[in-house]
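Protein chains: 2
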Amino acid sequence: MPEHRIRLGPWLLAAAMLCSPGTNVLHAQEPDKTVVRIAELVIDPAQLGAYKAIVMEEMDDSVQLEPGVLAIYSVAEKDKPNHLRFFEIYVSDEAYRAHIESAHFKKYVALTQRMIQSRALIETTPVQLSAKARQPKSVD
Amino acid sequence: MPEHRIRLGPWLLAAAMLCSPGTNVLHAQEPDKTVVRIAELVIDPAQLGAYKAIVMEEMDDSVQLEPGVLAIYSVAEKDKPNHLRFFEIYVSDEAYRAHIESAHFKKYVALTQRMIQSRALIETTPVQLSAKARQPKSVD
Chain A
3 MPEHRIRLGP
13 WLLAAAMLCS
23 PGTNVLHAQE
33 PDKTVVRIAE
43 LVIDPAQLGA
53 YKAIVMEEMD
63 DSVQLEPGVL
73 AIYSVAEKDK
83 PNHLRFFEIY
93 VSDEAYRAHI
103 ESAHFKKYVA
113 LTQRMIQSRA
123 LIETTPVQLS
133 AKARQPKSVD
Chain B
3 MPEHRIRLGP
13 WLLAAAMLCS
23 PGTNVLHAQE
33 PDKTVVRIAE
43 LVIDPAQLGA
53 YKAIVMEEMD
63 DSVQLEPGVL
73 AIYSVAEKDK
83 PNHLRFFEIY
93 VSDEAYRAHI
103 ESAHFKKYVA
113 LTQRMIQSRA
123 LIETTPVQLS
133 AKARQPKSVD
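Protein sequence lines correspond, in order, to chains A and B.
According to my numbering, the stretch in the first sequence is residues 3 to 142, in order.
According to my numbering, the stretch in the second sequence is residues 3 to 142, in order.
One or more of the hints may lead you astray.
Copies of the same chain are indistinguishable here, so a pair counts whether it falls within one copy or spans any two.
[Unchecked claim] In the DMTMM-like style, the derived pairs of lysine to aspartate or glutamate whose C-alpha atoms are separated by at most 25 angstroms in a straight line are:
(1) K109 with D81
(2) K80 with E42
(3) K109 with D34
(4) K82 with D62
(5) K82 with E103
(6) K80 with E59
(7) K134 with D62
(8) K82 with E125
(9) K108 with E96
(10) K108 with D62
(11) K134 with D81
(12) K109 with D63
(13) K80 with E103
Since the hints were derived computationally from the structure, they do not count as laboratory data.
Isolated chain A, as found in the complex:
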């Protein structure tokens, strides 16, 4: 969510709307607490299938059971199927902390710790998260 639009006061916002009637005011809101985290994992190729089965269950559990987990996306690099990247969206830092304390996350950690060869965790500052309101293949 664009920070500069968040900080606009009501007068400035009204002025902006008058000056540019096409402005999408969806972005004039309170400071955003959304947390996005990126993880880059390299999985033992011999255990990739087992790892995926476990992490996919954990991802669905997180999104279905935790109100603060908006999305967890997992993709593999096209030519390196055991190099996985995760893009995770939480409503707040509290929601992220609750996630890593959840039973399903702890189970995932215990089951997969010997499958992960390397791990990079990247903290981020969201610039903008643009998504259709209803995603056709989501779980809820």
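Once you have looked at the hints, place chain B on chain A.
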């Protein structure tokens, strides 16, 4: 709701469950056409504000105007505000190709080409995309 549950008839679903009782039937589905692309851009720090304003408009245009663009997320690395990462979800390869031919994308490219210091584009194979059906701050 995962697509395969919509598409699998009850008989096929029952057969799948009988044949492999441990399989998570959520993922017993037709090959997915969803395309996820990752981009890692380094922006000229002196032009970062201008770049962000342009790309944020382009992201919203894409999600609002193009039926095949499900989401475009942009975040900065926490300690490197000019190192941006994009996570982009398209319904298909055709949707991605239509996106890069769109007027708003071409305008973005023309306006920002001198602002981008380096660019890495990463093609991916989705493992799983788990998201709540309705995202509270999305545009549509």
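Hint-by-hint comparison with the structure:
Taking identical chains as interchangeable, the C-alpha atoms of K109 and D81 are never at most 25 angstroms apart, the minima being 29 angstroms within one chain and 31 angstroms between chains. In this homomeric assembly, K80 and E42 come within 25 angstroms of each other (Cα to Cα) both inside a single copy, at 14 angstroms, and across copies, at 16 angstroms. Taking the closest pair of Cα atoms, K109 and D34 never come within 25 angstroms of each other, the shortest separation being 31 angstroms inside a single copy and 28 angstroms across copies. Within a single copy, K82 and D62 get their C-alpha atoms as close as 24 angstroms, which meets the 25 angstroms cut-off; across copies the closest is 31 angstroms, which misses it.
Taking CA atoms no more than 25 angstroms apart as the test, K82 paired with E103 passes in neither setting, with 31 angstroms inside one copy and 29 angstroms between copies. In the homo-oligomer, the alpha carbons of K80 and E59 lie at most 25 angstroms apart inside one protomer (22 angstroms), although the nearest pairing across protomers, at 29 angstroms, exceeds that limit. For a Cα distance limit of 25 angstroms, the shortest separation of K134 from D62 qualifies both inside one copy, at 20 angstroms, and across copies, at 10 angstroms. Both within a single protomer and between protomers do K82 and E125 lie at most 25 angstroms apart by alpha-carbon distance, with minima of 23 angstroms and 10 angstroms respectively.
In this assembly of identical chains, K108 and E96 lie within 25 angstroms of each other by CA distance solely inside one copy; the values are 17 angstroms within and 39 angstroms between copies. For the homomeric pair K108 and D62, the shortest alpha-carbon distance inside one copy (14 angstroms) is at most 25 angstroms, but the shortest distance between copies (37 angstroms) is not. Taking identical chains as interchangeable, the C-alpha atoms of K134 and D81 are never at most 25 angstroms apart, the minima being 29 angstroms within one chain and 29 angstroms between chains. In this homomeric assembly, K109 and D63 come within 25 angstroms of each other (Cα to Cα) only inside a single copy, at 11 angstroms, whereas the closest approach across copies is 41 angstroms.
Taking the shortest Cα distances, K80 and E103 sit within 25 angstroms of each other only across copies (23 angstroms), while inside one copy they are farther apart (32 angstroms).
Going through the hint list in order, the structure does not satisfy hints 1, 3, 5 and 11.
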